[in-house]
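Asker: Quick note, in numbering that gives the first Met the number 0, the sequence shown goes up one by one and the last residue is 440.
Among the clues, some could well be false.
[Stated by the list, open to error] DEER-style ranges, computed between Cβ atoms:
id: 1; residue 1: Pro177; residue 2: Asn129; range: 35 to 45 Å
id: 2; residue 1: Pro88; residue 2: Leu216; range: 27 to 37 Å
id: 3; residue 1: Gly304; residue 2: Arg144; range: 17 to 27 Å
id: 4; residue 1: His361; residue 2: Pro337; range: 21 to 31 Å
id: 5; residue 1: Pro107; residue 2: Pro26; range: 42 to 52 Å
id: 6; residue 1: Asp334; residue 2: Gly115; range: 43 to 53 Å
id: 7; residue 1: Thr349; residue 2: Ala398; range: 48 to 58 Å
id: 8; residue 1: Gly364; residue 2: Ala328; range: 42 to 52 Å
id: 9; residue 1: Asp362; residue 2: Arg117; range: 34 to 44 Å
id: 10; residue 1: Ala342; residue 2: Asp193; range: 21 to 31 Å
id: 11; residue 1: Arg222; residue 2: Ala352; range: 15 to 25 Å
id: 12; residue 1: Ala137; residue 2: Pro337; range: 38 to 48 Å
id: 13; residue 1: Ala398; residue 2: Gly439; range: 30 to 40 Å
[Said to hold, decoys possible] Only pairs whose alpha carbons sit at most 20 Å apart, straight line, appear in this in silico DMTMM-like list of lysine to aspartate or glutamate:
id: 14; residue 1: Lys105; residue 2: Asp164
id: 15; residue 1: Lys105; residue 2: Glu233
id: 16; residue 1: Lys243; residue 2: Asp362
id: 17; residue 1: Lys243; residue 2: Asp400
id: 18; residue 1: Lys396; residue 2: Glu233
id: 19; residue 1: Lys396; residue 2: Asp273
id: 20; residue 1: Lys105; residue 2: Asp273
id: 21; residue 1: Lys243; residue 2: Glu401
id: 22; residue 1: Lys396; residue 2: Glu267
id: 23; residue 1: Lys243; residue 2: Glu413
id: 24; residue 1: Lys396; residue 2: Glu434
id: 25; residue 1: Lys243; residue 2: Glu233
id: 26; residue 1: Lys105; residue 2: Glu49
id: 27; residue 1: Lys243; residue 2: Glu267
id: 28; residue 1: Lys396; residue 2: Glu353
id: 29; residue 1: Lys105; residue 2: Glu123
id: 30; residue 1: Lys243; residue 2: Asp224
id: 31; residue 1: Lys396; residue 2: Asp362
id: 32; residue 1: Lys396; residue 2: Asp198
For the record, the hints were derived by calculation from the structure and aren't laboratory data. Heads up, the beta-carbon is just placed ideally off N, CA and C, and yes, glycines get one too.
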Amino acid sequence: MTPDRIAVPPAHARFRSTVVARLAPLPVAPDVIVVGAGAAGIGAARHLLEAGLSVAVLEARDRVGGRAVTTSLRGHPIDLGAHWLHAGPVNPLVALGQARGEPLRKAPQDGHLVIGRRRARPPERRAFSNAFDLADRAMTLGASRTSEDCAVGSLVPVGLGPWRDRIELVHALVSGRPLDQVSLHDWPSLEYGDNYFIDGGYGAYLARLAQDLPIALQTPVARIDRLAGGVRVETADGASLSAKAVIVTVPIMVLQSSIRFTPALPPEIRSAIDGLSSGTYEHAVLHWPSAPFMGRDRLATIVGGRYRPPGLLTRIGGTPFHYFEMDAAMAEGLDAKPASWQAARHLVRTVLAEHFGHRALHDLGIPAVTEWRHDPWSRGAWAVVPPGHAPARLALKAAVDERLWFAGEALSREQWGTVGGAYAEGERAAGEIAERFGPGA
């Protein structure tokens, strides 16, 4: 069974990628089948080929890159999905990009703070920064001092004054769910330091990494059989392909209901998959030349007002484009309205007018709104570990019958929710298979 087709495609689906990957044909009898051509699938395929194994990648979409795609808006490359290269020291795509000469740029550390209709004063900026530091220390220390896997929100200090609500909002945005729905023992695992962006877009970078890989597009997988001598993968149109092993890299939220496994998955693997929840991160792309934010690639925090916007990323790459970020709570509110993508545009204008005045919006355009939560091949932004389910990521790393491996951001403790984490997990799974089936094994 494949994901149900929805009557109305997600709002971002009409935009095309700026880079169309040049793909190689599939081998007739591959050593390994990779399901999914997102970051994990691309990383796995590249690693397997380098190890001397033949590979066939099956991708449900009509493009590569998964939840990372760069499109062209008003002549500028803009990412509609992932756009941060997080955690530079451990992100393999940062090191690879530097080795390839990709145009990486370091994300600035400073940002904008707006309170009501004015810019924050220096003492307010210091107080906000100090409150963030106190909250981060409390949550990180709390995770190290208790074996109980409770909600991370229970450790946000109460004595943060007017900043507590804002801190919870920001952490809920980057966690993908409200903090009462996020595991304490999973939250501190993501390293946020030394972030990068890439000129031309993250999705375009991934598409370049997929060049000349053997990938079949528009080929969703319906069933995977583990056999005595290998695996057989059946696609939605009834075709099948056999190999020694398979790596499944589709998003966990899709995997929960899309692929049939025979024999059934071991209970601990099935439980790990089904216990994860869907994280929400969406954004409206703003074209706003006169926006009151100077400096490129800076986060803007807006405090006060009726609607509590989680944040903005401003002057992307020095352009007039900005991201208005939307968290799970905001997305749920939009979904309660008809035509949620149009409701999102109305909400953005309402929020910005409240803080900057209607006159400031005279040149504001909103050319795109993302809806990854409604995308049938994503069903969310990333996988979230709820309280009590902290071992799930590690459990999914175990090979099943030395035939089936899983990979993707959902398995990464260091880099969950990121393209870098997905790519690293693809390489990990491929490395284990290469040791088992590679030349000379």
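Asker: Check each numbered hint from earlier against the structure, then list the numbers of those it violates in ascending order.
Answerer: Numbers 1, 3, 6, 8, 9, 10, 11, 13, 14, 15, 16, 18, 20, 23, 26, 27, 28, 29, 31, 32, in rising order.
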